[in-house]
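**Q** Starting from the known structure of chain A, fit chain B onto it as the hints suggest.
First to last, the sequence lines map onto chains A and B. Under the numbering used here, read the first sequence as residues 1 to 338, first letter to last. Under the numbering used here, read the second sequence as residues 1001 to 1377, first letter to last.
A portion of the hints provided could be inaccurate.
For each label pair, taking beta carbons as the anchor points, the in silico distance ranges come out as [claimed, not checked]: (1) Asn1156/B to Glu6/A: 26 to 32 Å; (2) Lys51/A to Gln1092/B: 44 to 50 Å; (3) Gln1296/B to Gln74/A: 42 to 48 Å; (4) Ala1231/B to Gln74/A: 31 to 37 Å; (5) Lys51/A to Lys1167/B: 43 to 49 Å; (6) Val1114/B to Leu27/A: 57 to 63 Å; (7) Ser1339/B to Ala75/A: 57 to 63 Å; (8) Lys51/A to Val1100/B: 41 to 47 Å; (9) Gln1278/B to Ile92/A: 42 to 48 Å.
Read the hints as simulated data drawn from the structure, not as lab findings. Beta carbons are placed, not taken as given, at the ideal position from N, Cα and C, and that holds for glycine.
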Amino acid sequence: MSDVLEKIWRIIQNSTSIKGPEKEGLLEDLSRLRKEQNAYDFKLKRILKDKSIAVNILEATIEDLEKKNLEVEQANQKLSAQQEELQAQKQIIEENAKILKQNLEKLELSYRELEQFSYIASHDLKSPLRTIASFAQLLERRYQAELDKEGQEFIQFIVSGVNQMSDVIQGLLQYAQIGNKAELTECLDLNEILNVIKLHLQVDIEKHQVKFVTDQLPRICGNKVGIIQLFQNLIDNAIKFRGAATPLIKISCRHLDDTQHWEFCLTDNGVGMSEEFQEKVFLPFQRLIGKKTPGLGIGLAICHKVVKLHQGRIRFESEPGVGTSFIFTLSSILPEES
Amino acid sequence: MKTKSYQLTSIEELKETLSVINTKDFQPTLAIVFTSISFDLEEMRRCFVNANLALVGCTTAGEIVDDSLHEHSMAVLCMDIDPQAFRIKLEQYQEENIQVPAERIGTFVSESFVKPGMLLMSGGLAIDAQRLVQGINASTSEPIPIYGGLAGDDLNMVRTFAFTHEKVTDNGAACLVFNTERVTLNGLAISGWKPIGGINVITKAIGNQVFEINGEPAYDVFVRYFGLTEAETKHDQLIGIQTNYPFQILREGGKHILRSPLLVHKDTKSISLAASVQEGDRFRFSTSPGFEVVEQTIEGFKGLKSEAPDADALILFSCKGRHGAFGPMINDEIKGIHSYWNKPLIGFLSYGEIGNLSAEEIEFHNETCAAVVLKEQ
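Next comes chain A alone, as it looks inside the complex (with noise of 0.2 Å):
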């Protein structure tokens, strides 16, 4: 169109025929024309590209935004997959906690089973006991001279028989008694439960001038006569399997701040033990250094058990000939809170 304008404003312009103020007014009002013809021409070469560009850029939204719903959609089912699979282990997993709920309770009933059972068996068997010793204690105070001396020794041996076996007896029921829970919230002094065991066994403390290095103990929450339990029966042992020296009972604490539980560690200088018996030396009736030796071995079979009840770990640490350190922890926290 512009270049139809152009020509016509030539042909005005060459004209002889059109002159003076027509002329003039003609190619005023064809310029006029031609700067609306340009500026109409941009307008809509403009509205084209625009358009042309705005269907580009909007394509180019719906292909990105449909790329987005894809790699969504596959999210969606990658999700889903895994959800399932983790619904699958899920399940899997509430199973197997079925099962171990069953067997824990099947466990917890065969454990107080047996307690029972070892409680009830040991006064059962205690009875008897006594009626045997009596009554061979009868014999032979009785028929002392109709006994040969082989006779007087099978009673000797009936009663010392009976005598061990009312102490194994004795063991087992202390081993039994100690596992009650609800026993645990007992507030205690470990420096007046020490006193206690001191005054308990004074007479050997005395016997073989034991001296004691203590730390300044705690108050913890627990079972006094399982507490009791444990820091006599190690003391005892210092005691008994003390070597050539004076024995030396040292007694120190730490608070575990990680684990809110104390460490004690109990130190003696005595004859010490193999640490091949790391875990034998807590099973119950395990004597490591032969039957001249007094005991039963159940005391380190109580020790641990009382530690395991107040959520604690027990080992030991030894050198034959230097000592041993007996290292646990127990809980400085109420069993309900943890």
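**A** Chain B only, in chain A's frame:
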């Protein structure tokens, strides 16, 4: 303050004009010049030195004088102003970090006057203009009015220049600082560009160079979104796209700012914007919604007219992208703005503008028409 505007088409014409410029009623001391890159800039500078006129200005992508737009010409504004009321500095960008020269400019501005105001024309295509403005503001005790633009080069996108009577540089800024207790500066920038398409994310960027958009090479996104074929990715086509369809960077509170791509790096498949962006910035492409923006812009400057009803002169920084979008209608916009004051006006088509959108703080923009009203107190 007396002012006169000139539209000149040659150095000879400039010499002639300057030779008779001093009259009994008009003895200018300062000239602001926006010129096409087609002239010998050194010779042009010497003309003003010989005429004993302080000079400040830059090259353009189109020159505006009074109510019309010109090409391959010089827009000259001569001002009969007390030399004590202004100071000029040409700051070279010696360092890679734009922050350092920005701070030097800020210090110069602060030391010049108690209440300064500045016109800033910056050369250099790859400079981060937003950081330049921020750097200047950071080194002044309180925010100062800064208006200006990024120099052009007739859309060659090769070299742009700033100059004063002392020097011409393609890597620096020309600063004209006014004592606003003597000469007030009131400005406003208006855009009108509208977003189009979905929200994109800048996933890799260093300064003002964008490497990845939505995890895809920025150049590829650019080509795909604008539907360019291999043949169309030639220089001219790209420049048209770059200047007409800027990124609308989304900001908090529903605000946004336009950033035009200035350079395309095919080798690294990246794009340099006129100002820095951050990785994670979200943006939409934008476009002029139509020719009604011209009317809306003229209407928008009514606010500036009521704020600064009288003027001795006007400076206009109009984005080259607006010219691309509005074509001959850009003259209507210029004419409309000029008509509010009917005073000498010069301006240029720029590659970026410094000004304030309505009551917002002064920032670097693209695709705006930014006007500054100068009035002697």
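**Q** Next step is simple, just say for each hint if it's right about the structure.
**A** Verification of the hints:
no., hint, result
1, Asn1156/B to Glu6/A: 26 to 32 Å, "holds (29 Å)"
2, Lys51/A to Gln1092/B: 44 to 50 Å, "holds (45 Å)"
3, Gln1296/B to Gln74/A: 42 to 48 Å, "holds (45 Å)"
4, Ala1231/B to Gln74/A: 31 to 37 Å, "holds (35 Å)"
5, Lys51/A to Lys1167/B: 43 to 49 Å, "holds (47 Å)"
6, Val1114/B to Leu27/A: 57 to 63 Å, "holds (59 Å)"
7, Ser1339/B to Ala75/A: 57 to 63 Å, "holds (58 Å)"
8, Lys51/A to Val1100/B: 41 to 47 Å, "holds (46 Å)"
9, Gln1278/B to Ile92/A: 42 to 48 Å, "holds (47 Å)"
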